[in-house]
Amino acid sequence: MKTLNYDVLKKTGYTGYMLENAPERVLQFGEGGFLRAFVDYFFDLANEKHGFNGKVVLVQPIDRGLTDMINDQQGLYTLYLRGFQDGKTVNDKRVISCVSRCIDPYRDFAALLQCAHNPDLRYIASNTTEAGIAYDPACRFEDAPQSSFPGKLTRFLYERYLAFGKEKGKGMIILSCELIDNNGKELKACVEKYADQWALEAGFKAWLDEENLFCSSLVDRIVTGYPRGEADKLNAENGYTDNLMDTGEVFGAWVIEGPEWLEKELPFCRGDMPVIVTPDHKPYKQRKVRILNGAHTTMVLGAYLAGQDIVRDCMQDAVIAGYMDKALYDEIIPTLTLPKEELTAFAASVRERFANPFIDHLLLSISLNSVSKWRARCMPSLKAYMEKFGAVPACLSLGLASLLAFYHGERMEGGKLIARREKGNEYEINDDESVLQFFLAHKDDGAEEYVHAALANESFWGEDLSRLPGLEETVLKHYLSIQKDGAYQAMKNVL
0 MKTLNYDVLK KTGYTGYMLE NAPERVLQFG EGGFLRAFVD YFFDLANEKH
50 GFNGKVVLVQ PIDRGLTDMI NDQQGLYTLY LRGFQDGKTV NDKRVISCVS
100 RCIDPYRDFA ALLQCAHNPD LRYIASNTTE AGIAYDPACR FEDAPQSSFP
150 GKLTRFLYER YLAFGKEKGK GMIILSCELI DNNGKELKAC VEKYADQWAL
200 EAGFKAWLDE ENLFCSSLVD RIVTGYPRGE ADKLNAENGY TDNLMDTGEV
250 FGAWVIEGPE WLEKELPFCR GDMPVIVTPD HKPYKQRKVR ILNGAHTTMV
300 LGAYLAGQDI VRDCMQDAVI AGYMDKALYD EIIPTLTLPK EELTAFAASV
350 RERFANPFID HLLLSISLNS VSKWRARCMP SLKAYMEKFG AVPACLSLGL
400 ASLLAFYHGE RMEGGKLIAR REKGNEYEIN DDESVLQFFL AHKDDGAEEY
450 VHAALANESF WGEDLSRLPG LEETVLKHYL SIQKDGAYQA MKNVL
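In numbering that gives the first Met the number 0, the protein residues as written are 0 to 494.
Hints in this document: simulated from the structure, not taken from any laboratory.
Watch out, some of these pointers could steer you wrong.
Said to hold, decoys possible - Just the calculated beta-carbon pair ranges, DEER-fashion:
id : residue 1 : residue 2 : range
1  : Asn4      : Ile417    : 21 to 29 Å
2  : Lys92     : Gln436    : 44 to 52 Å
3  : Ile417    : Gln488    : 45 to 53 Å
4  : Leu161    : Leu363    : 50 to 58 Å
Claimed, not checked - Quick list of in silico lysine to any residue cross-link-like pairs, SDA-like style, CA-CA up to 20 Å:
id : residue 1 : residue 2
5  : Lys263    : Gly469
6  : Lys442    : Lys382
7  : Lys325    : Ser480
8  : Lys48     : Glu23
9  : Lys9      : Ala21
10 : Lys387    : Asp484
11 : Lys92     : Ala205
12 : Lys48     : Ser371
13 : Lys287    : Arg227
14 : Lys1      : Gly251
15 : Lys192    : Asp142
16 : Lys165    : Asp219
For clarity, every value in this text was computed on a predicted model and none was experimentally measured.
Here a beta-carbon is modelled for each residue, glycine too, at the ideal position from N, C-alpha and C.
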């Protein structure tokens, strides 16, 4: 079979949406699976549904990437979004045609700078991993390219300033998608440091503030990438070879922090797209962390001890799913600030996402670094519940007891703490060495001593949790229940 391009796609009789030629309106730092299944998907829908008529030019952010593969396919790739939505199984296929080309700045830095001279360009999107937004003082103005992403961006924006600095409306709207807090603000801070380090003129710094908008944003979609196990089958069905095929869950949400006018300008801010522009994205981040991530962390360790291995299977079990639902609706949602209908709708979508028949999400994979995860995702809900209702939440405290039971290991082996569950099989606990060494040192403690030592460990939680009224007694009760009757029965007991 021939490799996907426009001619090959047309010859297959493809009848879906396709945009072969349009101005390049978006510059995107990052060419990986997430951006192509998320940002480029939204721009592709904006072309089809809202007449955006724009192409995305990709920039390979590091010196090894997908540039040649993308250009060989003329930017085309097949995207499959799959899962449950509104109680129905969804398996949507779409050929994405919004990508024009990919630039490798390590081979052709001039091509990147030339994009700054394009009067149609308006948006910059990025996802250069959590480590991507970092200030490296070794970057110099004359580097071609600069090693850091903020360094490349600063050099690009300066080129834009030289080309259009005297025209209103030619600055950039920068949509940062990296998974760090206040990603847009952090990116702008790096750019400003380079402007100072490189002694760029005051006019450029003023232009940065007046004509450019650095948006912090929250992105939410599980992207599973190239489907190696089924690629041959899908290629045969499509009638072409697609080396850039991408897969992800059908759920997607993008919360962008920005002024009111931004909602009117962004091409995908319409009622049929899950994109929100808000003056403050933090409540939405709190919603995601406390509901989606909090539900994971509350449920998975106990579910694994009870004999389950995959998230989807947990959703088919009335006890485990019921325990998670009770934690969500009775203990987590009442502590959050967004309208209740928004929170319950999001919780319902989480339930559907966990039941996705196309993703085998291993509980042990989610268990990585569970101590710090519990502190960030679950502890704020537990403390807020206790403050609001004056009682210890049953499900969240059982989640903490399940963590202590899960981490009750037998020995260290290859840098991992080895433990055993009720099924009889051994499993590896993956966490920071100091965390694992703590639990190893307390493996022979009695239950009361073990629970107290863990809750009182301020290096874990940032405070002594044993001082919270009634928490230690409740967690000990749950822990003893898990030891005596098993994690499954402990979950039954709180329903």
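Hints, one by one, checked against the model:
Look at Asn4 against Ile417: about 51 Å separates their beta carbons, and that is not inside 21 to 29 Å. A hinted range of 44 to 52 Å for the beta carbons of Lys92 and Gln436 is consistent with their spacing of about 49 Å. The hinted range of 45 to 53 Å is not satisfied by Ile417 and Gln488, whose Cβ atoms lie roughly 25 Å apart. Our hint of 50 to 58 Å for Leu161 and Leu363 holds, since their Cβ atoms are close to 53 Å apart.
Between Lys263 and Gly469 the CA atoms are separated by roughly 50 Å; this puts the pair beyond 20 Å, and the hint is violated. Distance check on the hinted pair: Lys442 and Lys382 sit about 27 Å apart at the alpha-carbon level, beyond 20 Å; violated. The straight-line distance between the Cα atoms of Lys325 and Ser480 is roughly 19 Å, inside the 20 Å bound, and the hint therefore holds. For the hint linking Lys48 to Glu23, the alpha-carbon distance of about 18 Å falls within 20 Å, and the restraint holds.
Taken as a hint, the Lys9 and Ala21 pair is honoured in the structure, with Cα atoms around 18 Å apart against an allowance of 20 Å. For the given pair, Lys387 sits about 31 Å from Asp484 by alpha-carbon distance, which is inconsistent with the 20 Å threshold. Note on Lys92 and Ala205: the hinted pairing is violated, with a Cα-Cα distance of about 45 Å set against a maximum of 20 Å. Only pairs whose Cα atoms come within 20 Å are accepted, and Lys48 paired with Ser371 is rejected, the gap being roughly 42 Å.
Distance restraint check for Lys287 and Arg227: the Cα-Cα separation of roughly 29 Å exceeds the 20 Å cut-off, and the hinted pair is therefore not satisfied. Restraint check for Lys1 and Gly251: not satisfied, since their Cα atoms lie roughly 32 Å apart, outside the 20 Å limit. For the proposed pair Lys192 and Asp142, the alpha carbon gap of about 16 Å is at most 20 Å, so the pair holds. Pair hint Lys165 plus Asp219 does not hold up; C-alpha atoms about 37 Å apart against a cutoff of 20 Å.
Checked against the numbered hints listed earlier, the structure breaks hints 1, 3, 5, 6, 10, 11, 12, 13, 14 and 16; every other hint is satisfied.
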